[in-house]
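> Residue numbers are given in our numbering: position 36 of the sequence shown equals residue 1017, and the series is strictly consecutive.
A portion of the hints provided could be inaccurate.
[Unchecked claim] For lysine-lysine, the following BS3-like pairs were computed, each having C-alpha atoms within a straight-line distance of at most 25 Å:
id : residue 1 : residue 2
1  : 983       : 1050
2  : 1035      : 983
3  : 1050      : 1035
Derived by calculation from the structure, the hints in this document are not laboratory data.
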Amino acid sequence: MKLVDSETGSQLMRRWGVDDWVDPGAEYAVWDECCVFALVQQAGFVDIHMAMDKSRHRECRRAGAEILKLVGHHRLRAVILPDRVRVCNYARRMGFGRRTTETLRTVNGRESAFFIMWREPGEYDGRSD
């Protein structure tokens, strides 16, 4: 896992599937040149966003386990695009709990619905109920 600057991180988010990504002031970490995580500190939790090279999607659990080693001691909120239901299944496997839908205001001022999933601090131990 290596940290990258916001310009590089934002470009990777867009290249790997979040087409209208606007940097919300995130810190970015890249795993194995195929997965980027954007981490945004909030009041009492960290927002976690992810984009991955689709040709290497089978490696997503390894990437998730690595980022959780770094930030799993924080309360995490996964903000997931509504057309990415499969990402919710992945998040559940990474220890994130119940899915809700919330309308959030994005950095560019638009209000959009997103899937929200939470993960409490602690060690990764597989699928969340």
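> List, from low to high, the hint numbers that the structure doesn't satisfy.
Structure breaks no hint.
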